[in-house]
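*Asks:* Please model the complete structure; the sequences and the hints are all you need to start from.
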Amino acid sequence: VQLQASGGGLVQAGGSLRLSCAASGSIFSINVMGWYRQAPGKQRELVAIIDRGGITNYAASVKGRFTISRDNGKNTVSLQMVSLKPEDTAVYYCNAATYSQPVSFYWGQGTQVTVSS
1 VQLQASGGGL
11 VQAGGSLRLS
21 CAASGSIFSI
31 NVMGWYRQAP
41 GKQRELVAII
51 DRGGITNYAA
61 SVKGRFTISR
71 DNGKNTVSLQ
81 MVSLKPEDTA
91 VYYCNAATYS
101 QPVSFYWGQG
111 TQVTVSS
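For what it's worth, my numbering labels the leading residue of the sequence shown as 1, then goes sequentially.
Among the hints, a few may not be true.
When the alpha-carbon atoms are kept at most 16 Å apart in a straight line, the in silico EDC-like pairs for lysine to aspartate or glutamate are as follows [unchecked claim]:
| # | residue 1 | residue 2 |
| --- | --- | --- |
| 1 | K42 | E87 |
| 2 | K74 | E45 |
| 3 | K63 | E45 |
| 4 | K85 | D51 |
Source of the hints: derived by calculation from the structure; they are not laboratory data.
All values reported here derive from a predicted model rather than from experimental measurement.
*Replies:* In structure tokens form, the structure reads like this:
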């Protein structure tokens, strides 16, 4: 599975950005897709995930501001981010997890999101 992320950039606090990620390769094996982020000096953390059936899970810090969506036909996952805060600044990584046991995880290349105050 290969993941290609796009979007991100620099935005002022209160602004919006949209991240997209396209999967290729063994896409039939993908169950859950989502986004994680890593701020400088911090561990990578879950932002939002969505399974093939559309069930979602969000970090408490982004709930109500971020919306994850998925197009199974196009093998893409997107993250719409609104009301951005400086603390949302991080490198955002697209992730895919497979149905297989044990689960295999794949990562995109990361895209920088910077929110200025």
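*Asks:* All hints, please: hold or fail.
*Replies:* Consistency of the hints with the structure:
no.	hint	in the structure
1	K42 x E87	holds, 12 Å
2	K74 x E45	violated, 26 Å
3	K63 x E45	holds, 14 Å
4	K85 x D51	violated, 27 Å
When each numbered hint is compared with the structure, violations occur for hints 2, 4.
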